Each structure stands twice: as structure tokens, then as C-alpha cells.
Amino acid sequence: MLYLLIVGPILAGVLTILFSKRDTRLFIIFVQIVQLLYALHIFIDVRLTNTIFNFMSGAPEGLSITLMADTISSVFILLTAIIFLMMLIFAYHKDYFTTQFGFLLLVLEALITGLFLSTDLFNLYVLLEVATVVVSILIMINKEKQAIYDGMIYFFVNVIGTAFLLFGIGMIYRTTGLLEMNAIAEALPLVEDPRSLYLPFALMMTTLSLKTAVVPLFSWLPKAHGTPSAPPVVSALLSGLYIKTGVYMFIRFTAMFEAVISVPELFLVIGFMTSIFGFIMALGQNDIKMILAYSTVSQIGLIMIGLTMGPEVAFWGAMFHIVSHALFKSALFLAAGQIYHYYGTRDIRQIRGVMRTMPLIGLAVLFGILGVTGAPLFNGSVSKYLIAYGSDAALVQFGLNVINLGTITYFLKFSTILFGKDERPDEVKPMREDRLSEILVFVMGTLILVSGVFGPVSIDILFGYEATVFTAGYFQKGIIYMLMLVAGTGIYNGVVKKSGILDDISHIELTFNGIITSMTGFFLFVASYLYVML
Amino acid sequence: MDFITGEIVGILLFFIGLYGLMTKKSIIKTIMSMSIMESGIYLFYVTINYVPGSVPPIGQQGDAPFVDPVPSALMITAIVIGIGVTAIGLTMFMHYKQKHGITHWSRNRN
Numbered sequence: 000m001l002y003l004l005i006v007g008p009i010l011a012g013v014l015t016i017l018f019s020k021r022d023t024r025l026f027i028i029f030v031q032i033v034q035l036l037y038a039l040h041i042f043i044d045v046r047l048t049n050t051i052f053n054f055m056s057g058a059p060e061g062l063s064i065t066l067m068a069d070t071i072s073s074v075f076i077l078l079t080a081i082i083f084l085m086m087l088i089f090a091y092h093k094d095y096f097t098t099q100f101g102f103l104l105l106v107l108e109a110l111i112t113g114l115f116l117s118t119d120l121f122n123l124y125v126l127l128e129v130a131t132v133v134v135s136i137l138i139m140i141n142k143e144k145q146a147i148y149d150g151m152i153y154f155f156v157n158v159i160g161t162a163f164l165l166f167g168i169g170m171i172y173r174t175t176g177l178l179e180m181n182a183i184a185e186a187l188p189l190v191e192d193p194r195s196l197y198l199p200f201a202l203m204m205t206t207l208s209l210k211t212a213v214v215p216l217f218s219w220l221p222k223a224h225g226t227p228s229a230p231p232v233v234s235a236l237l238s239g240l241y242i243k244t245g246v247y248m249f250i251r252f253t254a255m256f257e258a259v260i261s262v263p264e265l266f267l268v269i270g271f272m273t274s275i276f277g278f279i280m281a282l283g284q285n286d287i288k289m290i291l292a293y294s295t296v297s298q299i300g301l302i303m304i305g306l307t308m309g310p311e312v313a314f315w316g317a318m319f320h321i322v323s324h325a326l327f328k329s330a331l332f333l334a335a336g337q338i339y340h341y342y343g344t345r346d347i348r349q350i351r352g353v354m355r356t357m358p359l360i361g362l363a364v365l366f367g368i369l370g371v372t373g374a375p376l377f378n379g380s381v382s383k384y385l386i387a388y389g390s391d392a393a394l395v396q397f398g399l400n401v402i403n404l405g406t407i408t409y410f411l412k413f414s415t416i417l418f419g420k421d422e423r424p425d426e427v428k429p430m431r432e433d434r435l436s437e438i439l440v441f442v443m444g445t446l447i448l449v450s451g452v453f454g455p456v457s458i459d460i461l462f463g464y465e466a467t468v469f470t471a472g473y474f475q476k477g478i479i480y481m482l483m484l485v486a487g488t489g490i491y492n493g494v495v496k497k498s499g500i501l502d503d504i505s506h507i508e509l510t511f512n513g514i515i516t517s518m519t520g521f522f523l524f525v526a527s528y529l530y531v532m533l
Numbered sequence: 000m001d002f003i004t005g006e007i008v009g010i011l012l013f014f015i016g017l018y019g020l021m022t023k024k025s026i027i028k029t030i031m032s033m034s035i036m037e038s039g040i041y042l043f044y045v046t047i048n049y050v051p052g053s054v055p056p057i058g059q060q061g062d063a064p065f066v067d068p069v070p071s072a073l074m075i076t077a078i079v080i081g082i083g084v085t086a087i088g089l090t091m092f093m094h095y096k097q098k099h100g101i102t103h104w105s106r107n108r109n
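In order, the protein sequences belong to chains V and P. When you line the first sequence up against numbering that gives the first Met the number 0, it's residues 0 to 533, in that order. When you line the second sequence up against numbering that gives the first Met the number 0, it's residues 0 to 109, in that order.
Please note: incorrect hints may appear among the correct ones.
[Stated by the list, open to error] In silico lysine-lysine, PhoX-like type, Cα no more than 25 Å apart, as pairs:
(1) Lys-24/P to Lys-96/P
(2) Lys-28/P to Lys-428/V
(3) Lys-98/P to Lys-28/P
(4) Lys-98/P to Lys-23/P
(5) Lys-144/V to Lys-98/P
(6) Lys-96/P to Lys-20/V
(7) Lys-24/P to Lys-144/V
(8) Lys-98/P to Lys-428/V
(9) Lys-96/P to Lys-412/V
(10) Lys-20/V to Lys-144/V
(11) Lys-96/P to Lys-28/P
(12) Lys-428/V to Lys-24/P
(13) Lys-96/P to Lys-144/V
(14) Lys-23/P to Lys-428/V
(15) Lys-93/V to Lys-142/V
(16) Lys-23/P to Lys-96/P
Treat the hints as calculated values from the structure; they're not laboratory data. Bear in mind that the values here come from a model prediction, so they are computed numbers and not experimental data.
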């Protein structure tokens, strides 16, 4: 009955549109709770028994449209339901939570759940295309000039990117006559000439790299996730959850091609480059939302590193990092929204004293920062430890440490908003009417700490992977973290504050044509890499 | 002229569309290039694995083999999506042009 998770929210959304004159917020939250309970049921079912398959319209396995819930996807649907419930509760008192907004969120949830469950290639294409439309409407929901421009770039770039996927699917269908991913994975080793699969692989990987926003295809992400006027809920959803659909599809597609084409080293290098680019760009930003958006680019790079490194421990570390990133990044984006509402600016140089004016939000931001930088006992540290544990190579360790140092440095810059004193006169300060969302952000903040303290347990519960974390190595990492904090402070005060170069670098942006050209270039690069190296 | 098959023409159309997207700064031309690109994909799909002389899979099977109906079925869906996407793209563009008078992709965030 997996399809209920996809059909349910859409039907509920249509119902809310029918009764759009009334207040539908409580109904939407109720639907969300039901969805969460059902996702939890599926999750427990999968963990206790085994992978659940759903063959639509009774057609035989391999030919029908298939929904599959296995260890990975069941965690993701649970995560989706939890994050969406939190977003809706956060938005409950906000004036942008209209019926239309709730409808779009419900549809987006159904689409994301569908992307996690479906194993049919064409189905994935349809879901991606519709999700692009919904997301771009959500970005533009305030109809401001900048938001419409960013939304248009997001929309066109993603539609064109998905066309690559459709083309790749056509080539796969031409070779194998199949659309179901598990069946294709079995059929691919039988293909006589593996070279005929290089082109579809390159086409599909172009789309997935665009969706995961790796180098050089990340230019759309800061525009879409950091749009000034988009509601914080939208930014948090995009950055915390929606970007993970790309990562998830990357896992699935590489598993599908594994028997014929396996190029983890390529994506390992791309992951490193993404992560390093992400933090260099983040260092020069002054807009709190833009810092968070570029931080997402950097963290996605880290996840890619873990996924492609090879050892099991790094893979599950990266999976846990996906969950942790979803928690701390959505908490940080929501907090940024609250801060923007109260201070009326997103400029990091003008916001001071969040800790004093909004203690709950301040604590949540602090926990989020500690989580993302990997402070001991917070969830980021557990996943980063596991990722680092996967490799002994000195170069990889060095790279990971550089990434972490970069992360700490730009979050030190971010954390300047917490301290100091709000120097505005009292009359310009707006009312803080919304206690509910502040409490919710704080709850998310504590979740970061809880899932970190019980890190190995949460990995075991979520993925059934037993990881030993609290060893001498982990505490050694803690000491390294302290040293990095000192080094980061030094770098920030010594170099970043004064240097104009970073400021210049961070304002480099590709035009629309530039984005498409880099997409084509990436496609040609992957294709030629396959033809030359394999 | 054996090499002019639907598949080859489809691939060519795809890359012609891509060229347009890479070089044209006008938003309306972007939408047109996108449509050309998608038409290339439709043509590629409906001609894959076509055996000359095959018949549609309707009624009794004679000597001729049946055509694979799946690509055509997929393309009906894809065409509908394509129309929707083009319509949404045009709507965004019209709104943007009427409100702010901008017709080209600009270099900088404003």
C-alpha cells in the first residue's frame, strides 16, 4: 500500500482547494500527522521484515510501475514526513500559510515521497518535472522581481536538465527494453557492448549532478535556496530535504549501473571540489541566507565524498550525514527566517545579539552551527567521523580537514550574529508575535544534539548498521575540532575579514547561458572520461 | 540516405536546441530552444527499435511483427508535460516582462 503515501497528500490537497474559503491549516496538519504515522508504520515494517514491493496495476515484476521501500528509502520517507510536519507547524501562524500554500506543500511532499519510492525510470522523470514546477511556484510565491528571476532560472535550468534524463532513459530503453531499475540492473551485464551505455550514463549523471548541485552545476542552488523573499519554510525544505532527492537518485542510479560502469573516483574528486568551492563561496557572503545556501553546496560535496569513497562505514556515515544535514540546515534556515523578520535585514554585519533578544532561536542557531561544523556530541560530528573513518589515504584525510576548517571559518562569521548587542532603538523593533515557531525551531535544535549524543544508536535504528563511534579516535577528533576552532578564528580575523579577494570571488555568478554551457560541458566531460578511461 | 533515421535526426535536434540555449540571451528564444530540444527527444523515442513493415498492436496478429507501443505511450505523457512546462515558462516570462520590462537574461543579480 505504498502508493497511499503518494496519493494521500495530493487528494488531501485537492480537498483543501475545494474548501479554500475556510481555514484549512488544521486539516493540513492533521493530514500530515496521518502521513507521518503511516510512514512510521512502513518504516517499522521494512525494518522488521524486508523490502516491500508494490507492483501497480497487477502487471508482472519488471514490467509494471514499481514502488519499493527498502532500508534506505523507508528512512527517507520517514524523514520527509517529519520535516514537512515541522515546517507546517512552524508556518502555522505565518500570514503566507494560505490554502494555496498548503496545497503546494502537500503536493510537493507527495512528489518527494514518490521520488524516494519509485523505481520506474519514466515515473521518476515525471515526478522530477512536476516537482520542478511546484518548487519554482513556491520560490516565486511572493511575486517579487528578484524572486521571479531566480525562480525562472531555477525552472528553466531544471527542465532542461531533466530533458537530459529523458534522453538517457530513451537510450537505456533502446538497449534493454526495460524501464524498471531493478530489472535494468539485472539486464545490464548482459549487454554485449558496454560502450553503448556510456552515453546514457553520461546523460543521466548530468541530470543527477545538476539536481545534487555539484561543481560546476551548483550555480542555480544559491539563487533558488537563498532567494530573499521566499518564505523561510520554502528555503528550509529545498535545502534540507528536496536536494536529497538528487543524492538519493544518485545512489540508486550508480547502483543500477554498478555492474557495467563504476566510476566512484570521478565523483569522489567532484565531491571534494564541490565541498571546497562551496566553503570558499560561503566565506565571502554577507547575506545569512546565502551563507546557508552555499553551506548546503559544501555539505552535499561532503555527502558525495562519503558515498563514493567505497567502504561501508563511509557510505552509512554519508547516509547519516544526509539525515543530520536535513535537521540542522532546516533548523538554521527557519531560524534565519525568524531573525530576518525581527531585524528586518539579512546583512550579517547589521545583526547583533540574537542570543539576548531571542534566546530560543539563538540556542537553536548555536546547536545548528555546532552540528554543521561537527562539534563533539552533535550529530554532524558522528557522521563526519564515520566518513573520515572510511579512508586511510593521507590526501583524503587532509582534504576532509581542510573542508572542516573552511566550514568552521564561515560559520564563525555566521555566529557573529549571536553575540553583541542589538543597538537599534526600541521603537523600530517589531513585535515578536509567534512563540510557536520559536519553540519549534528550538525543538529542532535539541534534536540535533539528541541525535548526536545517541549517534550510533540512531544509525542502528535508522539504517540497521552497527557503528562504533565513541572510541579514542572520536575524542581525538574532538581535540582536533578545538584546534580547528582556534585556527578558524585566526583565519577569520586575520584573512577573511580584510581580504577583498574573497569578496570578489563570492560574487562570481554564471549567467543562464553560462549554466547551460557548463551543463553541456559537464556532459561532454563525463562522456569522454568514460570513453577514455574505461 | 540510410543515415537519416528518426534517431539521428532526434539527436541532432536535441543538440541544436542545446546550442540555442547556450548562446541565446533572449528568454523567448530560450523557451523556443527548449521546445526544439524536447521535439528531438520525442522523435528519438517514437522511432527507437522500429522494424520496417511492423504494424500497430491492434487486433489479430498477421505475419508482420507488432510495434512496441511503450515508447509512444511514454511520449504522449512527455508531450503533455512539455506543453505544460512551455505554458508555465511563457506565463512566467509574460508576467516578468509586463511587470518589469525585462526580456533578456541579465548578467548580475539585481
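Evaluation of the provided hints:
| no. | hint | result |
| --- | --- | --- |
| 1 | Lys-24/P to Lys-96/P | 14 Å, holds |
| 2 | Lys-28/P to Lys-428/V | 47 Å, violated |
| 3 | Lys-98/P to Lys-28/P | 20 Å, holds |
| 4 | Lys-98/P to Lys-23/P | 22 Å, holds |
| 5 | Lys-144/V to Lys-98/P | 8 Å, holds |
| 6 | Lys-96/P to Lys-20/V | 32 Å, violated |
| 7 | Lys-24/P to Lys-144/V | 19 Å, holds |
| 8 | Lys-98/P to Lys-428/V | 32 Å, violated |
| 9 | Lys-96/P to Lys-412/V | 38 Å, violated |
| 10 | Lys-20/V to Lys-144/V | 29 Å, violated |
| 11 | Lys-96/P to Lys-28/P | 14 Å, holds |
| 12 | Lys-428/V to Lys-24/P | 43 Å, violated |
| 13 | Lys-96/P to Lys-144/V | 10 Å, holds |
| 14 | Lys-23/P to Lys-428/V | 47 Å, violated |
| 15 | Lys-93/V to Lys-142/V | 17 Å, holds |
| 16 | Lys-23/P to Lys-96/P | 17 Å, holds |
Violation of the numbered hints given earlier is confined to hints 2, 6, 8, 9, 10, 12 and 14; the remaining hints are satisfied by the structure.
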